[in-house]
Amino acid sequence: MNGLSERLNAIALFFEPVALLALRFALAVPFFKSGLTKWDGFGQLSDTTTLLFTHEFRLHIFGAAVPYPFPSLMAWMSGIFEILLPVLLVLGLMTRFSALGLLFMTAIIQLTVPSAWANFHLPWAAMALALVVYGAGQISLDRLLGRWIGDEKAGGGRSYAH
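Numbering (the numbering used here), first residue to last: 61 to 222.
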């Protein structure tokens, strides 16, 4: 049984970098696509986005629908971070920070659209948590920059956790 376990572990370690890269893409795509819808060109937040944050979106907290605080600021932050964090994630740059940011955004989205937890928010949260815990893996700028500065564990992944 020990031989089989060792083989399976070797296979897992071999595919880990690709799996973490796929995980980064899977989490980045929905946020990036959502971020694109918030803009009417470079630096121009769409009127619809501002309208939604001001008049439509509500935080569902303890049974009450509470308006967003500072809705214009929240609209801008959402638009910026839904573009920036997925790009960083795909590049594998500041991966844990980016995944943590998307996890926080997922929590806010969950409070805004509580009915979508099973189909969207739960998988997003699980992917973000995995990336916070394991890091970007070997196929990442985190890893490349870490090797450049002499940090052999940079980028994360199980193969560097020992």
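Any given hint might turn out to be false.
Taking CB as the label site, the calculated pair distances span [said to hold, decoys possible]: (1) Trp-136 <-> Phe-74: 27 to 33 Å; (2) Phe-157 <-> Phe-180: 18 to 24 Å; (3) Leu-111 <-> Ala-167: 22 to 28 Å; (4) Phe-180 <-> Phe-75: 41 to 47 Å; (5) Ala-70 <-> Ala-176: 18 to 24 Å; (6) His-115 <-> Ser-175: 16 to 22 Å; (7) Gly-101 <-> Met-137: 32 to 38 Å; (8) Pro-129 <-> Phe-75: 42 to 48 Å; (9) Ala-70 <-> Phe-157: 40 to 46 Å; (10) Leu-96 <-> Phe-74: 32 to 38 Å; (11) Ala-178 <-> Val-78: 43 to 49 Å; (12) Leu-68 <-> Ala-178: 39 to 45 Å; (13) Trp-208 <-> Ala-176: 19 to 25 Å; (14) Ile-71 <-> Glu-116: 24 to 30 Å.
Worth flagging that the hints you see were computed from the coordinates, not collected in a lab.
Even for Gly, the Cβ is constructed at its ideal location relative to N, Cα and C.
Do the hints match the structure? See the list:
1. Trp-136 <-> Phe-74: 27 to 33 Å: violated, 43 Å
2. Phe-157 <-> Phe-180: 18 to 24 Å: Taking Cβ atoms as reference, Phe-157 and Phe-180 lie about 22 Å apart, which means the hint holds.
3. Leu-111 <-> Ala-167: 22 to 28 Å: holds, 23 Å
4. Phe-180 <-> Phe-75: 41 to 47 Å: violated, 26 Å
5. Ala-70 <-> Ala-176: 18 to 24 Å: violated, 39 Å
6. His-115 <-> Ser-175: 16 to 22 Å: Holds, at about 20 Å.
7. Gly-101 <-> Met-137: 32 to 38 Å: violated, 18 Å
8. Pro-129 <-> Phe-75: 42 to 48 Å: holds, 44 Å
9. Ala-70 <-> Phe-157: 40 to 46 Å: violated, 31 Å
10. Leu-96 <-> Phe-74: 32 to 38 Å: holds, 35 Å
11. Ala-178 <-> Val-78: 43 to 49 Å: For Val-78 against Ala-178, whose Cβ atoms are near 27 Å apart, the range 43 to 49 Å is violated.
12. Leu-68 <-> Ala-178: 39 to 45 Å: violated, 30 Å
13. Trp-208 <-> Ala-176: 19 to 25 Å: About 41 Å separates the Cβ atoms of Trp-208 and Ala-176, which means 19 to 25 Å is violated.
14. Ile-71 <-> Glu-116: 24 to 30 Å: Since the Cβ atoms of Ile-71 and Glu-116 sit about 48 Å apart, the hinted range of 24 to 30 Å is violated.
In summary, the structure is inconsistent with hints 1, 4, 5, 7, 9, 11, 12, 13, 14 from the numbered list given earlier, while agreeing with the others.
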